[in-house]
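Participant: Residue strings, one per chain:
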Amino acid sequence: MIKKIEEIFFRSLMLISNMLILFVLALILFSIFKKGLSALNWEMLTQRPHGGYYYGKEGGVLNAIVGSLYLSIGATFLATIIGVPVALFMNVYLVKQRKILNFIRFLLDLIWGVPSIVYGAFGFTLMVFLGIKTSLLAGIITVTLFILPIMIRACDEILKTSPLGLLEASLSLGSTKTETSFRVVLMQSFSGIVTAILLSFGRAIGDAASVLFTAGYTDSIPTSLNEPAATLPLSIFFQLSSPVPEVQNRAYASAVILIVIILIISLLSRALSKKYHKNRI
Amino acid sequence: MIENTKIKVDKLNLYIGKQHILKDINIEIPENKLTVILGPSGCGKTTLLKCMNRLTDLYHDVKIDGSIIIDNEDILHTKTDVTEIRKKMGLLSQRPFPLPMNIYNNVAYGLKISGRRNKKALDARVENYLKQVNLWDEVHDRLREPASKLSIGQQQRLCLARGLAVDPEIILADEPTSALDPISSETIERKFEELKQQYTIVMVTHILRQARRIADYVVFMYMGEVIEQGPAKEFFENPKMDRTKAYLQGAFN
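Protein chains in written order, with the numbering used here: chain A, 834 to 1114; chain B, 48 to 300.
If you are wondering where the hints come from, they were derived from the structure by calculation, not from laboratory data. Hints may be right or wrong, so weigh each one.
[Claimed, not checked] Within a straight-line C-alpha distance of at most 27 Å, the following computed DSSO-like cross-link-like pairs (lysine-lysine) qualify:
#: 1; chain 1: B; residue 1: K135; chain 2: A; residue 2: K1010
#: 2; chain 1: A; residue 1: K993; chain 2: B; residue 2: K65
#: 3; chain 1: A; residue 1: K1108; chain 2: B; residue 2: K159
#: 4; chain 1: A; residue 1: K1107; chain 2: B; residue 2: K196
#: 5; chain 1: B; residue 1: K196; chain 2: A; residue 2: K993
#: 6; chain 1: B; residue 1: K110; chain 2: A; residue 2: K929
#: 7; chain 1: B; residue 1: K159; chain 2: A; residue 2: K1010
#: 8; chain 1: B; residue 1: K166; chain 2: A; residue 2: K1108
#: 9; chain 1: B; residue 1: K110; chain 2: A; residue 2: K993
#: 10; chain 1: A; residue 1: K1010; chain 2: B; residue 2: K126
#: 11; chain 1: A; residue 1: K1010; chain 2: B; residue 2: K166
#: 12; chain 1: B; residue 1: K110; chain 2: A; residue 2: K1010
#: 13; chain 1: A; residue 1: K929; chain 2: B; residue 2: K70
#: 14; chain 1: A; residue 1: K932; chain 2: B; residue 2: K110
#: 15; chain 1: A; residue 1: K929; chain 2: B; residue 2: K126
#: 16; chain 1: B; residue 1: K196; chain 2: A; residue 2: K1108
Next up, chain A with everything else stripped away, as it sits in the complex (with noise of 0.2 Å):
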């Protein structure tokens, strides 16, 4: 009796949180898109603001969206070739070295925690350093900084699960540790590693505090990494404080963008890493 009664107790504990968790997303969702919609159109998504733009006037935020794509496709690809390689070496090299490897994980989980104006006031004092102005490839090297633990640590949550037979199977047939990483290992959990990489992307395209001060803010689309970049966070924030309604509006339509923008990501390349999953594992 009392266990049918804890069951069902935490079954509807457990319906509840999903429902709140659920309702909460559906509702920020819902007031994004009513407020937002209204205001996209075409001309938001092909132009860059005019003059008087932010008064409301004609315009869109095409700058926007092809720097915050510039930016966060440049930091999520740096912060994977960095990325996925460190989170290689921690599982096959460093599998033997718990406490070094335990260390490790504890120091990126601190950084993981740090904010990310932290990160954007320190990727201003390293432009000040190397004698870089703010533009594109300030804010791509500060926002590869920025991803760069949530990328290690998401790959080696993975990867730690990668069982320790499948690399003593491959080191037995003679394949050194480097071939054993990435022909075994992070093929066996490529799927969770495009997981991890679209996790980091979402990062890199969502912030909006690392990019204030090094990828500064235009109206014109970058043509080179010298230049600064404008990205979405940043229009939304721009638009949303302004007094003008219109302007206001905008703002939401952009962050449908942003939103649209995330998912299509995800969606093609799930749909990538599940076609080429099905020919492997």
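Fit chain B to the given chain A structure using the hints.
Facilitator: Positioned in the frame of chain A, the structure of chain B alone reads:
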């Protein structure tokens, strides 16, 4: 007593942390015979087996002293690269771990990483080794499918094939049939009987009946020590130590 010793383990001690796992192990394993390391669970059989191809390198806080001599080379203290040592030995683990690639590449993997890329030669070898483990008929028309789609028994035979494909001299098997159905187990056992003409096989098991069926030579371990070792016939019919007798009568099970 033994004509040709392939593997000689001399005064081997292994500690994990403060735990003394293997205690003064001295054994000789004959060439081209099937040696069974027998003993109840947790007696250190698997650890001993993994010392032989240095997979113990992967474990945390392990300390080993003593020596393991294979072909006049102490593999624990040699300057030879560990990859070269491992190439001499195929490993078959308790549960199959197919590589995350298709059936063909599972067998070809070891060959490819050692630089053999000739397509025709690879095809021939893959076919040959899949035939050797009686898997060819079941998979020849779906070589490009992922290996994980095979049944566990088929996977284990595939793992044997990929191990054989790299031309080892020794096969290390760690309870290779414990996860398998009776028919797959029998296939593996029968395969071992054939393979021992060309390979030195070391097989760990806790199944007494299996040891009786296929062993040429037996090493009996208990609590990290080797209690008795000798030719299978002698071991089963005329055990010398009391603990062996007790084990054979089923006292530990």
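Participant: Indicate, hint by hint, whether the structure satisfies it.
Facilitator: Verification of the hints:
{"no.": "1", "hint": "K135(B) x K1010(A)", "result": "holds, 17 Å"}
{"no.": "2", "hint": "K993(A) x K65(B)", "result": "holds, 26 Å"}
{"no.": "3", "hint": "K1108(A) x K159(B)", "result": "holds, 25 Å"}
{"no.": "4", "hint": "K1107(A) x K196(B)", "result": "holds, 16 Å"}
{"no.": "5", "hint": "K196(B) x K993(A)", "result": "holds, 23 Å"}
{"no.": "6", "hint": "K110(B) x K929(A)", "result": "holds, 12 Å"}
{"no.": "7", "hint": "K159(B) x K1010(A)", "result": "holds, 15 Å"}
{"no.": "8", "hint": "K166(B) x K1108(A)", "result": "holds, 26 Å"}
{"no.": "9", "hint": "K110(B) x K993(A)", "result": "holds, 24 Å"}
{"no.": "10", "hint": "K1010(A) x K126(B)", "result": "holds, 17 Å"}
{"no.": "11", "hint": "K1010(A) x K166(B)", "result": "holds, 25 Å"}
{"no.": "12", "hint": "K110(B) x K1010(A)", "result": "holds, 21 Å"}
{"no.": "13", "hint": "K929(A) x K70(B)", "result": "holds, 22 Å"}
{"no.": "14", "hint": "K932(A) x K110(B)", "result": "holds, 16 Å"}
{"no.": "15", "hint": "K929(A) x K126(B)", "result": "holds, 21 Å"}
{"no.": "16", "hint": "K196(B) x K1108(A)", "result": "holds, 16 Å"}
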